[in-house]
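Go ahead and model the full structure; you've got the sequences and the hints to work with.
Line order of the protein sequences matches chains A and B. Going by this note's numbering, the residue at position 7 of the first sequence is 7; the numbering climbs one at a time, nothing skipped. Going by this note's numbering, the residue at position 178 of the second sequence is 178; the numbering climbs one at a time, nothing skipped.
It cannot be assumed that every hint is accurate.
[What the hints assert, rightly or not] Below, simulated DSBU-like cross-link-like pairs (lysine-lysine); rule was C-alpha separation at most 35 Å, straight line:
#, chain 1, residue 1, chain 2, residue 2
1, A, 197, B, 277
2, B, 145, A, 58
3, A, 125, A, 76
4, B, 145, A, 111
5, A, 76, A, 62
6, A, 300, B, 277
Treat the hints as calculated values from the structure; they're not laboratory data.
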Amino acid sequence: MAILRLRNITKFYEINRNSFSLRPQRIKAVDNVCLTLTEGMTLGLVGESGCGKSTLAKIILKLIPPTSGEIIFKEKNITRLSESAFRPLRRQMQIVFQDPYGSLSPRLTVKDIIAEPLRSFGMPKIFMRPRIEELLIQVGLNSGHADRLPQQLSGGERQRVGIARALATSPRLVVLDEAVSSLDLSTQAQVLNLLVKLQQKYALTYVFIAHNLGVVRYVSDRVAVMLRGTVVEKGSTGEVYNNPLHPYTQLLLGSMPSLHKRLLRTRKKEAELPRKDERGTAADTSSACVFFSFCPKSRKECAEKNPVLKEVAPHHWVSCACIE
Amino acid sequence: MLEVKNLKTYFFYDDKIIPAVDEVSFSLEEGSILGMVGESGCGKTMTALSITRLLPSRNCKIAEGSIVFNGIDLASLPEDELRKKRGSEISYVFQEPATSLNPVLRIEEQMKEVIFLHRKDIAAAKRDAFIVEQLTEVGIRNAQKKVKCFPHQLSGGEKQRVMIAMAMVTRPKLLIADEPTTALDVTIQAQIIVLLQELRQKFGVSILFISHDINVIGELADCVAVMYAGQIVEYAKAERLMRQPQHPYTQGLFECLPGAWAVKRSRLNVLCGEVPKAGCFPQGCRFHPRCPKVFDRCRKEMPALARQKENQEVRCWLYSGSEI
Ligand SMILES: Nc1ncnc2c1ncn2[C@@H]1O[C@H](COP(=O)(O)OP(=O)(O)OP(=O)(O)O)[C@@H](O)[C@H]1O
Ligand SMILES: Nc1ncnc2c1ncn2[C@@H]1O[C@H](COP(=O)(O)OP(=O)(O)OP(=O)(O)O)[C@@H](O)[C@H]1O
Ligand SMILES: [Mg+2]
Ligand SMILES: [Mg+2]
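Rendered as structure tokens:
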């Protein structure tokens, strides 16, 4: 069952809006994205840095409004819901932010950080203490951590506090924006084990954003690949990883760093990497395929028309003009 | 080029001394890249900070050891001379881009300042174009627009790349990069890898590269140092270390990664226990409480780094009979 649907979401940011000397400009961060999240499943979101993943995450949680498009949560259109009408739903969705250093307030103790969402949903004080302890234990910490400040915790512990805070209101949907990226291997494995365990226990739905493709494959049921604000390929994890069809997905999977590459000296710089952005600022307005200028397979028609996502196999969607 | 000998960096408190870095020695030749890995809190950042003496607080001092950089001992250099070196000959990419960019200055203004101070060869009129070129070089698309942004308007990966660009414009001889690629997608990671390799070939830059991503390290670094509890526990050529890690810690760490073979949703390996806090290291080998191969001697005496075949150095009693 679909828990959340995004329909044609587009987001523009404006910069220099309050500047006297500079011309206001618009940056297109997300462009016409449609995605469906199935209850109890993990959607992995990968793609170019700066392609709009965090923006999409914030839109899902209604932390920022989309410029256009609709967000449907449990069959209910929440796009234009007022903050007060949205409140009861808010506790069902939570986010763990990209930055473990910046996202926890440095002056609050662990206890207070976790209590924050509970308090804002009006949990009576007497239930608070046991709930916090329960949450700490769930994420593999203990009540000894409750009175510490964030800087007295290691990176992994901090990230787990972030997860405990996100789980505090028993959400149905959790967005994990690079939640494990800055962790060392052992801690990363611990947090991944925890996430998988919690999902199995509570049938949570995750949106898992990360750059480490091995990790994404490990946790995700479905994967969506983003480039310049659009989804260029999506499908079940096995399909996308074993049979990538979009040239960008192929490039991405082929770029995974490894010792092997160096030994074979296969890292070729020109062929592999879009060094210069020839299109410059035209990128936001041009009608060409988003991957046009770097695509090894690009044809004339790619310059004229941006392809749409097509279902090429069951549960496998690609937007590329070269694929029938 | 850079020779660190017996470096000890301690936090001095009234009642106790916390050894964050303990007896660390390594050397870095011109144009070579040293990778540094290890769990969170094992002293990687502190080692890097010690080299430039950018230590976090007053009570943190280099207690012993020498850091000879091109014939000059940085550990005893007066502060003002060291400051000159820091800007021009030594560049540092900090672990937390969010905290090391100035939040109230546009990217353009921050870069101009660096160029003004350290690149007198670039005429004022050419600075704008130069900045855009440098940002494009590290893979930031739409650089003309992005230079007008404030740091909070950039995505995580864009911030990280601005930091890298700023560190490179000064054409340093030594580049210290602390987790510079965690927020980047693999194609841009690859681009940075190529860029760094180019830098060392063209300008003979030496690089100390700290990362949790052993795949990036494996591809980029010539040699790798594995740190644990403030010490180097293993040191070898990258190929050798990745293929045949000898120290039980290195072996355990590498096993935490969900590899291509990881059955989806199976439990990942984790190292049991946690990194001991600096200041409460166990007696004997510091890894012994977590070591699967521990025996009697490990609990009593601390092993030294001993040279094995192929210049691999290991700090472990298992190999004490076989050094050469
Ligand atoms: N507040 C803002 N104002 C203006 N532009 C913004 C703002 N936030 C993000 N952007 C721009 O929107 C684009 C998408 O940013 P977003 O943070 O969603 O990327 P991302 O996919 O999460 O990237 P990363 O992997 O590097 O974190 C970027 O080009 C970024 O510069
Ligand atoms: N102000 C401080 N007072 C006391 N101990 C400190 C202080 N700052 C850091 N430490 C200790 O110094 C040790 C080394 O920390 P360091 O930041 O070098 O770790 P790291 O290897 O860079 O970890 P990470 O991978 O998380 O960045 C840690 O055990 C930490 O607890
Ligand atoms: Mg992001
Ligand atoms: Mg560090």
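Hints versus structure:
For the proposed pair residue 197 of chain A and residue 277 of chain B, the alpha carbon gap of about 28 Å is at most 35 Å, so the pair holds. With a C-alpha separation of about 22 Å, the suggested pair residue 145 of chain B and residue 58 of chain A falls inside the 35 Å cut-off, and the hint holds. Taking the CA atoms of residue 125 of chain A and residue 76 of chain A, the gap is near 32 Å; set against the 35 Å cutoff, the hint holds. Using a Cα cut-off of 35 Å, the hinted pair residue 145 of chain B and residue 111 of chain A is violated, with the two alpha carbons roughly 42 Å apart.
About 14 Å separates the Cα atoms of residue 76 of chain A and residue 62 of chain A, which keeps this hinted pair within 35 Å; it holds. Restraint check: the Cα-Cα separation between residue 300 of chain A and residue 277 of chain B comes to about 61 Å, which exceeds 35 Å; the hinted pair is violated.
In this structure, the hints that do not hold are numbers 4, 6, in rising order.
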